[in-house]
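S.K.: In the order they appear, the protein sequences are chains D and V.
First residue of the first sequence: 1, per the numbering used here; consecutive thereafter.
First residue of the second sequence: 1, per the numbering used here; consecutive thereafter.
Wrong hints could be hidden among the right ones.
Because identical chains share one entry, a pair is satisfied inside a single copy or across any pair of copies.
Unchecked claim - Simulated crosslink set (SDA-like; lysine to any residue; CA at most 20 Å straight-line): (1) K169 with R153; (2) K125 with S184; (3) K212 with R305; (4) K47 with R118; (5) K203 with D324; (6) K169 with I315; (7) K329 with N140; (8) K212 with T386; (9) K169 with R126; (10) K383 with E357; (11) K212 with W308; (12) K212 with D324; (13) K329 with T381; (14) K203 with G321.
No lab work stands behind these hints, which were simulated from the structure alone.
Note that this is a predicted model, so its numbers are computed, not measured.
There are 2 protein chains.
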Amino acid sequence: MTYYELNQEQVCSYLIQAGVFIPEADLEVNEVGDGNLNFVYRARDAKTGKSVIVKQAPPYIRVIGESWPLTTDRMRIEADALEIQNRFAPGLVPGLIHRDSEMALEVIEDLSHLAVMRYGTIRMKRYPRFADHISTFMANMAFYTSDLYLSSREKKLLVKQFINPELCKLVEDFTFTDPYYDCSNNIINPELRPYLEKVFWRKTDLRLEASKLRYKYLTEAESLLHGDLHTGSILANEHETRVFDSEFAFVGPSAFDVGVLVGNILINYVSWIGKSYSEVEIRRYRDFLLDMINEICLLYEQKFRAHWDLDARDIVASIPGFQDFYFAKSFPDVVGYAAIVMIRRMHGIAHNVDVDEIEDLERRRDVQIAVLELAEEIMLTRKEFTEIHELTELVKRRLY
Amino acid sequence: MTYYELNQEQVCSYLIQAGVFIPEADLEVNEVGDGNLNFVYRARDAKTGKSVIVKQAPPYIRVIGESWPLTTDRMRIEADALEIQNRFAPGLVPGLIHRDSEMALEVIEDLSHLAVMRYGTIRMKRYPRFADHISTFMANMAFYTSDLYLSSREKKLLVKQFINPELCKLVEDFTFTDPYYDCSNNIINPELRPYLEKVFWRKTDLRLEASKLRYKYLTEAESLLHGDLHTGSILANEHETRVFDSEFAFVGPSAFDVGVLVGNILINYVSWIGKSYSEVEIRRYRDFLLDMINEICLLYEQKFRAHWDLDARDIVASIPGFQDFYFAKSFPDVVGYAAIVMIRRMHGIAHNVDVDEIEDLERRRDVQIAVLELAEEIMLTRKEFTEIHELTELVKRRLY
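Put together the whole structure using the sequences plus the hints.
M.R.: If you want it as structure tokens, here you go:
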């Protein structure tokens, strides 16, 4: 079967033909995608109540159209990643019901009872189980897909399987490159432009540090990453957490996912200076956010070390000092990637609603500058950090 | 065509069938391989004098036999590497005349007018052009196969093309792992064993540093490496230099090839304490060796930087400070890999004739211990080195 773009009606017949539903099913199909890249449908059998999500990747970026082609291989990558995530982090990603690489399509578990976490955090929603869940996801994936656990051969075949040039290129450009100069891809708050031109784009030291982190992103093949682990890639409620949208998956520096997540939470932390909540409300939520960051990072390391002690098969596992070396090497990169993502989400091609929902452009600019200045400080001092409390205390000292 | 092992007669008919020689050729074929892995034949047309080298990789390690299987894909890797080396370092590798991945075979330029450099260096032969040639080879390959030059996509496809699990595993084990404990793969001078047991294998700090360098070898995909660049992989005379045997090629840390070469030269440097030459002769040759190491490393960096200034296409090229960062990061790894290879060649699975030609086992042991102690010192202090003179001066202070 070769690729064709499904319309809503064809989704029904496809699902029945693929055996996902029986021919007698009374299917309702709705497009539910707010995704930038793909078509996403929800299909529900009115008779039984059974429902699934269908994702299909067109050979272009959906929100832009056919003028920006993008490989459909991204759906093969996403489904491959989902299989591995289901193996090493079961219950923390959607179940994979059916996949079809020719059609650039996957059918996954319907998780409509959960909401995208970003929309909760901009309304001060709390997620008491999140730090525990996401640290399990990240530690399991980072450890069990690394050379510490896999055989040398398995690891190299994993690198090969997840060679993902087109999607990685988007990150290389949009995240590490474009925000550091006046690139036409950037989407810039006009009120922010003078700061960028007179201050930010002249910071060559910052750009150098971004380049070092970009080079690591390009060359350090440590673990299979989600590759875009922000709160918009997470469905959650008080009890449950699911990570989705793994099309950016590749084998890269293990610090990347952790850093991206921490950076996104810090954007939310800063964003409250632009919004109408009481000081007490803001402080309480900020305390929650910093506690969450601390917990995520501490649990991540704790769980990673526990896997290492229990399951490491590589010879280095037994070398005294290597585990400490690994984390000492990795932690400044976590902080660095957090800063990288804070910067790119202010005036790069994709923003966070945390900040962009502030309609007054001057107030939005003030938030953006506060994020950029905080990111700069933590980027330039990242090698001095040895544990997460030092970072969160710095954040609190600067802004509370 | 599927694989079959050529005998001497079949080499003739194969070469004619493949169009390497005309049917009227009067071919003489001799086996010339002293290679450990492959069958190597020289075929010469008595009528015209034209000759070529035929290399075929059997599905096992030739010197061991069928009991140690090894992928014939290594010949595909070698020929792929040779094509790229011929492109970026023409005249410094054999020409590739014909390749046949099904038959795990390549036909390359006959370089019988040159000799393996190792056999020259153990007889105090000098190679006045070598530093210039090999620094060109290493700088060209390291730069033009890196993210600094290639597009992100080209680089990732290069990584994929050179996924080389079986050969890399040999290096991971034989080079980085086995020499640090009493592994049955090791071949140990019985006179050296007490030192290994009572001293060397108890050095946990050394083993930790070896593990860090091994982890870099496993995870840092910077440039396409030769992967086994010792003086036994080099054909040379006073005027000419050719690098061969690239079956260990993969995309790894750019410091690796440089370090392996420097380490092999340092083994030769130390080896003279076991041999009957006059003090003056030894000092002169040692001066030549250290000058050569200095020149190789300085020219390597000079040429790499010149390529960078001229041809870097990646955005980081323009960032002030990134080039210095690259070399500051890389140089301690060069020193580290030099130490790694010095150690593994003393009591690992494969030794250097520089030391093993010393027949008196006690004198050989003294040389081996001197190499191991020198390697230990430079490994543990490698982060203090910022340029090659510091290393060669240390070597001279210890032993001259």
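S.K.: Next, verify each hint and record whether it holds.
M.R.: Against the structure, the hints come out as follows:
no.: 1; hint: K169 with R153; verdict: between (26 Å within a copy, 8 Å between copies)
no.: 2; hint: K125 with S184; verdict: neither (35 Å within a copy, 60 Å between copies)
no.: 3; hint: K212 with R305; verdict: between (27 Å within a copy, 17 Å between copies)
no.: 4; hint: K47 with R118; verdict: neither (33 Å within a copy, 79 Å between copies)
no.: 5; hint: K203 with D324; verdict: between (33 Å within a copy, 18 Å between copies)
no.: 6; hint: K169 with I315; verdict: between (34 Å within a copy, 13 Å between copies)
no.: 7; hint: K329 with N140; verdict: within (19 Å within a copy, 30 Å between copies)
no.: 8; hint: K212 with T386; verdict: both (19 Å within a copy, 19 Å between copies)
no.: 9; hint: K169 with R126; verdict: neither (34 Å within a copy, 47 Å between copies)
no.: 10; hint: K383 with E357; verdict: neither (33 Å within a copy, 49 Å between copies)
no.: 11; hint: K212 with W308; verdict: between (28 Å within a copy, 16 Å between copies)
no.: 12; hint: K212 with D324; verdict: between (22 Å within a copy, 11 Å between copies)
no.: 13; hint: K329 with T381; verdict: both (15 Å within a copy, 18 Å between copies)
no.: 14; hint: K203 with G321; verdict: between (37 Å within a copy, 13 Å between copies)
This entry does not satisfy hints 2, 4, 9, 10, going by the numbered hints stated previously.
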